[in-house]
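S.K.: Residue numbers (this note's numbering), protein chains in the order written: chain X, 1 to 334; chain D, 1 to 334.
FYI, nobody ran anything at the bench for these hints, they're computed from the structure.
These figures come from a predicted structure and were not determined experimentally.
Among the hints, erroneous ones may be present.
Non-contacting residues of chain X with respect to chain D, defined by C-beta distances greater than 12 angstroms in every case (computed) [what the hints assert, rightly or not]:
#	residue
1	30
2	51
3	83
4	99
5	126
6	152
7	217
8	234
9	241
10	288
11	303
12	313
Heads up, incomplete: computed chain X residues facing chain D, CB under 8 angstroms, no partners named [what the hints assert, rightly or not]:
#	residue
13	17
14	214
15	295
16	310
17	329
18	331
What the simulated footprint calls covered on chain D by chain X, stretch by stretch (three residues with Cβ under 8 angstroms from a Cβ of chain X suffice, anywhere in the stretch; the number is not a length) [as the list claims (entries may be wrong)]:
#	segment
19	90-104
20	143-152
21	206-216
22	286-292
23	314-327
Ideal placement from N, C-alpha and C gives every residue a C-beta, glycine not left out.
2 protein chains.
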Amino acid sequence: MGTDAAQRLRIAVVGLGPIGLEVARHVVGDPMLSLSGLVDIDPKKQGKRLEDFIEGVRDSDVTIMDDVEALSDTDVVILCTASYFDRIAPTLRMLMRKKANVVSSCEEMAWPWLNNPHLADVINNEAIAAGVTLVGTGVNPGFVMDVLPVALSSMTLNVTKVRVVRVVDALTRRLPLQRKIGSGMTVEHFNKLAKQNQIGHMGIGESVTMLAQGLGRHPMRSEVKISLRPVIAERSIESAMGTVEPGEVCGMHNVGKWSDETLEIELDLTMALAAREPRDEITISGDRTITTIIPGSTPGDTATVASLVNVARIVHRAGPGLKTMLDLPVVGSR
Amino acid sequence: MGTDAAQRLRIAVVGLGPIGLEVARHVVGDPMLSLSGLVDIDPKKQGKRLEDFIEGVRDSDVTIMDDVEALSDTDVVILCTASYFDRIAPTLRMLMRKKANVVSSCEEMAWPWLNNPHLADVINNEAIAAGVTLVGTGVNPGFVMDVLPVALSSMTLNVTKVRVVRVVDALTRRLPLQRKIGSGMTVEHFNKLAKQNQIGHMGIGESVTMLAQGLGRHPMRSEVKISLRPVIAERSIESAMGTVEPGEVCGMHNVGKWSDETLEIELDLTMALAAREPRDEITISGDRTITTIIPGSTPGDTATVASLVNVARIVHRAGPGLKTMLDLPVVGSR
Chain X
1 MGTDAAQRLR IAVVGLGPIG LEVARHVVGD PMLSLSGLVD IDPKKQGKRL EDFIEGVRDS
61 DVTIMDDVEA LSDTDVVILC TASYFDRIAP TLRMLMRKKA NVVSSCEEMA WPWLNNPHLA
121 DVINNEAIAA GVTLVGTGVN PGFVMDVLPV ALSSMTLNVT KVRVVRVVDA LTRRLPLQRK
181 IGSGMTVEHF NKLAKQNQIG HMGIGESVTM LAQGLGRHPM RSEVKISLRP VIAERSIESA
241 MGTVEPGEVC GMHNVGKWSD ETLEIELDLT MALAAREPRD EITISGDRTI TTIIPGSTPG
301 DTATVASLVN VARIVHRAGP GLKTMLDLPV VGSR
Chain D
1 MGTDAAQRLR IAVVGLGPIG LEVARHVVGD PMLSLSGLVD IDPKKQGKRL EDFIEGVRDS
61 DVTIMDDVEA LSDTDVVILC TASYFDRIAP TLRMLMRKKA NVVSSCEEMA WPWLNNPHLA
121 DVINNEAIAA GVTLVGTGVN PGFVMDVLPV ALSSMTLNVT KVRVVRVVDA LTRRLPLQRK
181 IGSGMTVEHF NKLAKQNQIG HMGIGESVTM LAQGLGRHPM RSEVKISLRP VIAERSIESA
241 MGTVEPGEVC GMHNVGKWSD ETLEIELDLT MALAAREPRD EITISGDRTI TTIIPGSTPG
301 DTATVASLVN VARIVHRAGP GLKTMLDLPV VGSR
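Chain X extracted, bound-state conformation (with noise of 0.2 angstroms):
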């Protein structure tokens, strides 16, 4: 099982928050894979080591630094930093010098023209220019909501809806989420914040937008709708961030759609304390009607570890430019 350093796929990891840790911790110990580089902006890490964040963590002489500038000899950059694509272009147009393939968590830029269609052009060309391949992936969105979608509807024809319902038990989820999700604040509390973006899921709107395209449509900004609403705890639940009270907030609801004369699809996102009936659901209406179920649902935080390594590892495969999941061959474990 053995590879030869020289064969390993050189990886480095920008963003050294509990996800790229996680990306880091497994590429020491895959044997295809080799840690090139490790950087973070927080001062408090500069200097240190994999092994001072995680415990029991394979050896590395991979020291962290502050700036993407000091990376060298890397394959794929795995980008765990903003979710706001304006954010990471900076950070993308260093490593598109430095002639790093990035693959990102950043929600944005799984569809990266819904949001910034100017700047994603601009990015697409400066990738191609540059000859490396930019991706955005994830669970959601890059997965349980976009992609798999697409290829389950390759089995219908005349496809009239998709409908997908993921309904996420926060309780099993890293604190992280369920301070993301709103746990224990006031209705109205909530409410302010949504209304400011700064609170609940990003990425629905993206992964509407590439399943439609995944269907043949080309939606407009403006014909995506997104709803954002609390979910209202009905009894007291104990969680990790102290006990929830009736009335307070236990989590968010967020449903994104889009339709046009032929196709309307839906994307019903509920991620609470105590949810019931957790699960990934995807319903194909066409000339049958199939529908897919992942009981209890695919576990997010390991999952994001996962897509982004192994996107990782074929990330070359779309061709050089600002990609999508749509673009790349089906992602295999490796």
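Given the coordinates of chain X, assemble chain D onto it according to the supplied hints.
M.R.: For chain D alone, coordinates are given in the frame of chain X:
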């Protein structure tokens, strides 16, 4: 929704059994596609038109010809003739000379290197030289037991086992399928035909190999273990083929396996009259275990038609050569 005739993808259908006829029926009704030819070797079909076989089909001026040499002005041929790759090779060569891309339901063509490695290499080179793409696809092989589990595996790392259980209630399927699985035979007769490869499902070895390839492995033919056993009726079952009595064969159980030191693949297919709990169930065991269920199982007949048509729309994107579903971007319905 109208599309100029000049922009439509021109599709010819070769082999007008139940699947080929349904493909043609869809093509004439799809505003993005145009039917450029129909071919079948059956003399009784010559000169006839689609409406002579399918009631209520949209009128088309295409008449059935007896030879693919007569085809012209075709972008993609959907080839639904034989299940063995060496049998369709002469047809593939004629179609390559016409610069047509080919999508085929030929089960061996889903992974042609399994049983015909030399011929597959030769055909691949010829396809590259001709600048056309050839791909074998379908529901099984082509999706449920190979492409879909590969796609789902991207959500996990360190995969140690992939198990797919497909249970099809043959009462819900067309008559040829009921015959093919041995319904009503004695066990002795079934086993005799099974030894001669005259009965049962084709393609499970191709699915095992494609799935392993999608997970970065390269199985040899001799390592893929396939078993085929009859399913025995425990009670009398009424079917379109008549009553199957207790003790007679009511279906087949086909298992394909492969493993190496780190990964185990098991594909378990039952197709039987009145089979219990019909479903597709995919279990990926890795850093997490993720189970995916399609209750009722993917509908084989309509979904085969859908996969052929949907792949035809994007087959060129795999680039010239003899390709597989692992080379294509995610296929959606249009």
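S.K.: Hints first: check each against the structure and report whether it holds.
M.R.: Hint check:
{"no.": "1", "hint": "30", "in the structure": "8 angstroms, violated"}
{"no.": "2", "hint": "51", "in the structure": "20 angstroms, holds"}
{"no.": "3", "hint": "83", "in the structure": "20 angstroms, holds"}
{"no.": "4", "hint": "99", "in the structure": "23 angstroms, holds"}
{"no.": "5", "hint": "126", "in the structure": "23 angstroms, holds"}
{"no.": "6", "hint": "152", "in the structure": "8 angstroms, violated"}
{"no.": "7", "hint": "217", "in the structure": "9 angstroms, violated"}
{"no.": "8", "hint": "234", "in the structure": "29 angstroms, holds"}
{"no.": "9", "hint": "241", "in the structure": "23 angstroms, holds"}
{"no.": "10", "hint": "288", "in the structure": "5 angstroms, violated"}
{"no.": "11", "hint": "303", "in the structure": "4 angstroms, violated"}
{"no.": "12", "hint": "313", "in the structure": "8 angstroms, violated"}
{"no.": "13", "hint": "17", "in the structure": "18 angstroms, violated"}
{"no.": "14", "hint": "214", "in the structure": "4 angstroms, holds"}
{"no.": "15", "hint": "295", "in the structure": "6 angstroms, holds"}
{"no.": "16", "hint": "310", "in the structure": "5 angstroms, holds"}
{"no.": "17", "hint": "329", "in the structure": "6 angstroms, holds"}
{"no.": "18", "hint": "331", "in the structure": "4 angstroms, holds"}
{"no.": "19", "hint": "90-104", "in the structure": "violated (count 0)"}
{"no.": "20", "hint": "143-152", "in the structure": "holds (count 6)"}
{"no.": "21", "hint": "206-216", "in the structure": "holds (count 3)"}
{"no.": "22", "hint": "286-292", "in the structure": "holds (count 6)"}
{"no.": "23", "hint": "314-327", "in the structure": "holds (count 3)"}
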